[in-house]
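Asks: For reference, the chains in residue letters:
There are 2 protein chains.
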Amino acid sequence: MLHTSQSLESVIEHLSSLPTIGRKTAQRIALYLLKQPREEVVAMARALVDMKDKTAYCTICQNITEQDPCAICQSPKRERNVICVVGEPSDVLAVEKTNDYHGLYHVLGGVIHPLDGVGPDDLKIKELLARIGNGDQEVILALNPNVEGEMTTLYLAKLLKPLGVKVTRIARGVPLGSALEFVDEATISRALEGRVEA
Amino acid sequence: MLHTSQSLESVIEHLSSLPTIGRKTAQRIALYLLKQPREEVVAMARALVDMKDKTAYCTICQNITEQDPCAICQSPKRERNVICVVGEPSDVLAVEKTNDYHGLYHVLGGVIHPLDGVGPDDLKIKELLARIGNGDQEVILALNPNVEGEMTTLYLAKLLKPLGVKVTRIARGVPLGSALEFVDEATISRALEGRVEA
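Line order of the protein sequences matches chains C and H.
Everything in the first sequence is counted per the numbering used here, starting at 352 for the first residue and increasing by one.
Everything in the second sequence is counted per the numbering used here, starting at 352 for the first residue and increasing by one.
Watch out, some of these pointers could steer you wrong.
With a straight-line Cα cutoff of 30 Å, these simulated DSS-like cross-link-like pairs (lysine-lysine) come out [unchecked claim]:
id	chain 1	residue 1	chain 2	residue 2
1	H	K448	C	K386
2	C	K428	H	K405
3	C	K428	C	K517
4	H	K386	H	K375
5	C	K512	C	K477
6	C	K405	H	K405
7	C	K375	H	K512
8	H	K405	C	K386
9	H	K475	C	K386
10	H	K428	H	K405
11	C	K509	C	K475
12	C	K375	C	K386
13	H	K477	H	K448
14	H	K517	H	K475
15	H	K375	C	K475
16	C	K375	H	K375
17	C	K448	H	K386
18	H	K428	H	K517
19	H	K448	H	K512
20	H	K405	C	K375
21	C	K386	H	K477
22	C	K405	H	K375
23	H	K509	C	K448
24	C	K448	H	K375
25	H	K386	C	K405
26	C	K375	H	K428
27	C	K428	C	K405
28	H	K386	C	K475
Computed list of chain H residues with no C-beta within reach of chain C, every gap over 12 Å [said to hold, decoys possible]:
id	residue
29	M402
30	H453
31	I476
32	D487
33	E501
34	I539
Since the hints were derived computationally from the structure, they do not count as laboratory data.
As the structure is a prediction and not an experimental result, all values here were calculated from the model.
Just so you know, even glycine gets a beta-carbon here, dropped at the ideal spot from N, CA and C.
Kindly generate the complete structure, drawing on both the sequences and the hints.
Replies: Encoded structure:
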């Protein structure tokens, strides 16, 4: 035991397990929380469990939601014949922030990543195919512009084109090697605008 | 609401309020937690509240503890006539890690910081004075080597010396493993000043 309190130590261990947080930061956060009023800490603890209990994946687009189908899938304002395919829920947020896209989404829950052992079967591709109808549809592939995203884009394009759907991909105006969630809105807008036949 | 889930948004807000965590990192952590098993998240939430409920400040040294007096204050192995004064509980840990100190501690709970409105009355100085007895005692001042720590060191030295206690402060000099050319002038000045027989 490094600290004089086992429960403090336990919080530090839990926090260290989170992405981007090392032991030093975890310690700093834990000591900060110790100084906060009890209600504050209880509220945070409750929010964590609440999030876990209330959220689920939308059965249509696979995004995180509290109602099923999610607000976007249910919205009458959305163009129902355009589906933007992204890797993670945070990518939906990144595209939404442009205010330039008014279609629907499909969240794959990752991208094809052989080194991490993620294959097509681990992604929500079946669910995407189920959404392809007979009408005039467009699928915009908006995956991260890195090797794995590229691989996934090519895989999906090959899979979708024979179904008679228009398949596009966001323009490679987005800087290569970056992650969608960190790209500024203007760049994402431009990429949506300049999408080309896949 | 930026996300399609209010409870997710709530967790992001809570996390963003923590030190060192901005909104992007909060979002990343929240989405990470969403992917974790429920028990994992519940365990973390419980650890937070547990820490808050179980810990208190040691009535002697003011360090965080689950038993009062704390393990260090109770330990028969500790030299009882040496008290190391530090600013925060994390500083106790930093000194403990050296394995070179076997005395007791006193945690001030901060340092004098006029700009932040922290004066001597906001620190556990009364509690420190109460620990000064008649015997052969040494108080080691181990506060951060910055303006506020310096101010607090001088204040405490002035307060303690008339009580007939030996007052020392940790040496200021070049840190081990550093290169002279990268050490700032003030530190080198202090190291020259405090030179000892080789």
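Asks: Does each hint hold? Answer for all of them.
Replies: These are the hints, each one checked on the structure:
For the hint linking K448 of chain H to K386 of chain C, the alpha-carbon distance of about 23 Å falls within 30 Å, and the restraint holds. Restraint check for K428 of chain C and K405 of chain H: not satisfied, since their Cα atoms lie roughly 51 Å apart, outside the 30 Å limit. For the proposed pair K428 of chain C and K517 of chain C, the alpha carbon gap of about 21 Å is at most 30 Å, so the pair holds. A distance of roughly 17 Å separates the Cα atoms of K386 of chain H and K375 of chain H; the hinted pair therefore holds under the 30 Å criterion.
Straight-line distance between C-alpha atoms of K512 of chain C and K477 of chain C comes to about 15 Å, which keeps the hinted pair within the 30 Å bound. A threshold of 30 Å between alpha carbons decides the hint, and for K405 of chain C with K405 of chain H the separation of about 29 Å falls inside it, so the pair holds. Between K375 of chain C and K512 of chain H the alpha-carbon distance is near 35 Å, which puts this suggested pair outside the 30 Å criterion. Of the pairs offered as hints, the one joining K405 of chain H and K386 of chain C holds, with about 13 Å between alpha carbons and a cut-off of 30 Å not exceeded.
For the hint pairing K475 of chain H with K386 of chain C, the CA-to-CA distance comes to about 15 Å; that is within 30 Å, so the pair holds. With a C-alpha separation of about 25 Å, the suggested pair K428 of chain H and K405 of chain H falls inside the 30 Å cut-off, and the hint holds. A distance of roughly 16 Å separates the Cα atoms of K509 of chain C and K475 of chain C; the hinted pair therefore holds under the 30 Å criterion. For a cut-off of 30 Å, the pair hint linking K375 of chain C to K386 of chain C stands: about 17 Å separates their Cα positions.
A distance of roughly 28 Å separates the Cα atoms of K477 of chain H and K448 of chain H; the hinted pair therefore holds under the 30 Å criterion. At roughly 19 Å between alpha-carbon atoms, K517 of chain H and K475 of chain H fall within 30 Å of each other, so this suggested pair holds. Only pairs whose Cα atoms come within 30 Å are accepted, and K375 of chain H paired with K475 of chain C is accepted, the gap being roughly 25 Å. At most 30 Å may separate the alpha-carbon atoms for a hinted pair to count; K375 of chain C and K375 of chain H meet this at roughly 20 Å.
A hinted pair counts as satisfied when its Cα atoms are at most 30 Å apart, and K448 of chain C with K386 of chain H qualifies at roughly 23 Å. Proposed proximity of K428 of chain H and K517 of chain H is supported: the alpha carbons are some 22 Å apart, at most 30 Å. A hinted pair counts as satisfied when its Cα atoms are at most 30 Å apart, and K448 of chain H with K512 of chain H qualifies at roughly 29 Å. With a CA separation close to 22 Å, the supplied pair K405 of chain H and K375 of chain C stays within the 30 Å bound.
With a C-alpha separation of about 20 Å, the suggested pair K386 of chain C and K477 of chain H falls inside the 30 Å cut-off, and the hint holds. At roughly 22 Å between alpha-carbon atoms, K405 of chain C and K375 of chain H fall within 30 Å of each other, so this suggested pair holds. Using a Cα cut-off of 30 Å, the hinted pair K509 of chain H and K448 of chain C is violated, with the two alpha carbons roughly 58 Å apart. Of the pairs offered as hints, the one joining K448 of chain C and K375 of chain H holds, with about 14 Å between alpha carbons and a cut-off of 30 Å not exceeded.
Straight-line distance between C-alpha atoms of K386 of chain H and K405 of chain C comes to about 13 Å, which keeps the hinted pair within the 30 Å bound. Among the hinted pairs, K375 of chain C with K428 of chain H is consistent with the structure: their alpha-carbon atoms are about 28 Å apart, no more than 30 Å. Between the alpha carbons of K428 of chain C and K405 of chain C the distance comes to roughly 25 Å, so the proposed pair stays at or under 30 Å and holds. As the CA atoms of K386 of chain H and K475 of chain C are separated by approximately 15 Å, the hinted pair is consistent with the 30 Å bound.
Under the 12 Å C-beta cut-off, the non-interface status given to M402 of chain H relative to chain C is violated; the minimum distance is some 4 Å. Separation of H453 of chain H from chain C is adequate, the least Cβ-Cβ distance of about 15 Å exceeding the 12 Å criterion. For I476 of chain H, the requirement that its beta carbon stay farther than 12 Å from each beta carbon of chain C is met, with the minimum near 18 Å. For D487 of chain H, the requirement that its beta carbon stay farther than 12 Å from each beta carbon of chain C is met, with the minimum near 26 Å.
The claim that E501 of chain H lies off the interface holds: its Cβ sits roughly 22 Å from the closest Cβ of chain C, which is beyond the 12 Å cut-off. In this structure I539 of chain H is separated from chain C by more than 12 Å, as the shortest Cβ-Cβ distance comes to about 27 Å.
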